[in-house]
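Visitor: Just need the whole structure built from these sequences, with the hints factored in.
2 protein chains.
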Amino acid sequence: MSRFSLNQASIKYATVPEAIAATVGSGIPAIGLWREPVGEFGLEASAAAVRDAGLRVSSLCRAGFFTVPEGPARRASLDDNRRAIEETAALGAPTLVLVAGGLPEGSRDLVGARERVRDAIGELEPHALAAGVSLAIEALHPMYVTDRAVVSTLGQALDLAEQFDARAVGVVVDTFHVFWDPAVLPTIARAAGRIASYQVCDWNMPIAADPLLSRGYPGDGFIDFESITRAVVDAGYEGDIECEIFNQEIWDTDYATVAATTMARYRERIEPHL
Amino acid sequence: MSRFSLNQASIKYATVPEAIAATVGSGIPAIGLWREPVGEFGLEASAAAVRDAGLRVSSLCRAGFFTVPEGPARRASLDDNRRAIEETAALGAPTLVLVAGGLPEGSRDLVGARERVRDAIGELEPHALAAGVSLAIEALHPMYVTDRAVVSTLGQALDLAEQFDARAVGVVVDTFHVFWDPAVLPTIARAAGRIASYQVCDWNMPIAADPLLSRGYPGDGFIDFESITRAVVDAGYEGDIECEIFNQEIWDTDYATVAATTMARYRERIEPHL
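Heads up: the protein sequence lines correspond to chains A and B, in order.
Take 0 as the starting number for the first sequence in numbering that gives the first Met the number 0 and just add one per residue.
Take 0 as the starting number for the second sequence in numbering that gives the first Met the number 0 and just add one per residue.
Fair warning: there could be bad hints in the mix.
Only part of the chain B face toward chain A is listed, based on derived beta-carbon distances under 7 Å [to be verified]:
#1 THR14
#2 PHE40
#3 SER76
#4 PRO103
#5 ARG107
#6 GLN155
#7 LEU157
#8 TRP179
#9 ALA207
#10 ALA208
#11 LEU211
#12 ASP219
#13 ASP223
#14 VAL232
Note that these hints are calculated values from the structure, not bench results.
The C-beta atom is built at its ideal place from N, Cα and C for all residues, glycine as well.
Guide: Here it is as structure tokens:
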């Protein structure tokens, strides 16, 4: 039974039914859903559709974005995070991915923003426990530190997660975001029992003009998937392995081709190391 | 007496005499030179010109690029590094900046490339000691890990440097490359006695289409220069502070304006924290 999951972001323009069709059509047993298309198709309809298709939902992307100081914007963000926890449970997914958010407008205070991330996760922990959902803190590549995620390394994500109940708060290992880190392998080992999601995609070069879209199919770039995958396995992770690619060319490709290609690359580049 | 130094890369197209004129013209007491323009003007002529102008030479940029496996290319690189050490001494500069280099062609083995960096520095250590030159290992931002520098964090640079004599091997603290790091302040503290160069420039957003050129004048971007500068001071660094900016718009500005602007920004953003 394959552990592969197609993250819906790899076929960004697909509706939930289209994403399900592409996933099932390529023999992929699981899907990682995104809140926006789920919201468009309807939460209950999406939950029913994946259930009827026989798919596991490996994760829901994404919540977080809680670096702003106390005030209405922060309260709105935390309310939205609680809704996202409920959505994750309703979809039968074990994991909600959290992206911390960047610096608040006009701020240069990374230390303060990082403290507010910790505080926000502390507020969400009881809701996650009650819902049976694992919050997965995702470290994003340091090039996104100011505008997208002040959590920049797997070690930092783990330092945060370890302050909370392991049933409620874990970390994402995303190859694109962490492969460069000289400490990546020992840090994955240290993450044993905290890895809530393993995502694979490659680091393409040169970096795309929009640096968000610089990801590639596993094998197209510079990442050594063997060492990272073995470390994740050795750390005891037994969940699904998602392929999440932000890449305009791939987004412009028909969904079935993308699904089939990700599945083929998974078999070639990841599965041999499990 | 100001500790400010204009790194020649901020006025990339200037010859050595033009760079000296712009530096002196703005009342800047030191300059960071680059090997290419020094080579064009001549090593001895350059040394005489800075001496006659009464400028300190804060560093020479740059050598390194020694991640390739054993063979003629590696020998050529190490020979070139030894020449760079001699050039640094001839210019009266205390420091030679080392950029490690990226992955060798076709390789995905960051671990191996990083081992070869350590081995190369080990070969160079006696030459640096003999010449009275400090090799300054520069961690580059992780977005350059595959194509430019497999040394990606200040902690990693320090782990390397600490294997060698502190008179011969130190580290660069470059704000652009390290500000994002959750561990940057404690790591600067740990670098006490090993900081061979402090370079300041800002992190502009969005990232430039050529990510090498995404740097800005201090104050134009997102870096908190106060906390980093205070940490560098607290770690006992007493040397010059260079402004090194790679930015096409700044390169297209006349040299005197760039020199005056860097000096003004240094006074405004850096000097108050010394």
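Visitor: Confirm or reject each hint.
Guide: Consistency of the hints with the structure:
At about 30 Å, the closest approach between the beta carbon of THR14 (chain B) and any beta carbon in chain A exceeds 7 Å, and the interface hint on this residue is violated. Taken as an interface hint, PHE40 (chain B) does not check out: its beta carbon lies about 32 Å from the nearest beta carbon of chain A, beyond 7 Å. Hint status for SER76 (chain B) relative to chain A: violated, with the closest Cβ pair at about 21 Å, above 7 Å. Here the hint on PRO103 (chain B) is broken, as its CB sits about 11 Å from the closest CB of chain A, past 7 Å.
Proximity of ARG107 (chain B) to chain A holds as hinted, the smallest CB-CB distance being about 4 Å (cut-off 7 Å). The interface hint given for GLN155 (chain B) is met, as the beta carbon of that residue sits about 4 Å from the closest beta carbon of chain A, less than 7 Å. Annotation: interface hint on LEU157 (chain B) violated; nearest CB of chain A at approximately 11 Å, more than 7 Å. About 4 Å separates the beta-carbon of TRP179 (chain B) from the nearest beta-carbon of chain A, less than 7 Å, and the hint is met.
A hinted interface residue such as ALA207 (chain B) counts as satisfied when its beta carbon comes closer than 7 Å to some beta carbon of chain A; here the least separation is about 9 Å, so the hint is violated. At its closest, the beta carbon of ALA208 (chain B) sits 5 Å from a beta carbon of chain A; the interface hint therefore holds under the 7 Å criterion. With a least beta-carbon distance of about 10 Å to chain A, the hint placing LEU211 (chain B) at the interface is violated under the 7 Å criterion. Taking 7 Å as the C-beta contact cut-off toward chain A, the hint placing ASP219 (chain B) at the interface is violated, the least distance being around 12 Å.
Hint status for ASP223 (chain B): holds, given a least beta-carbon distance of 4 Å to chain A, under 7 Å. The interface hint given for VAL232 (chain B) is violated, since its Cβ lies 18 Å from the closest Cβ of chain A, which is over the 7 Å cut-off.
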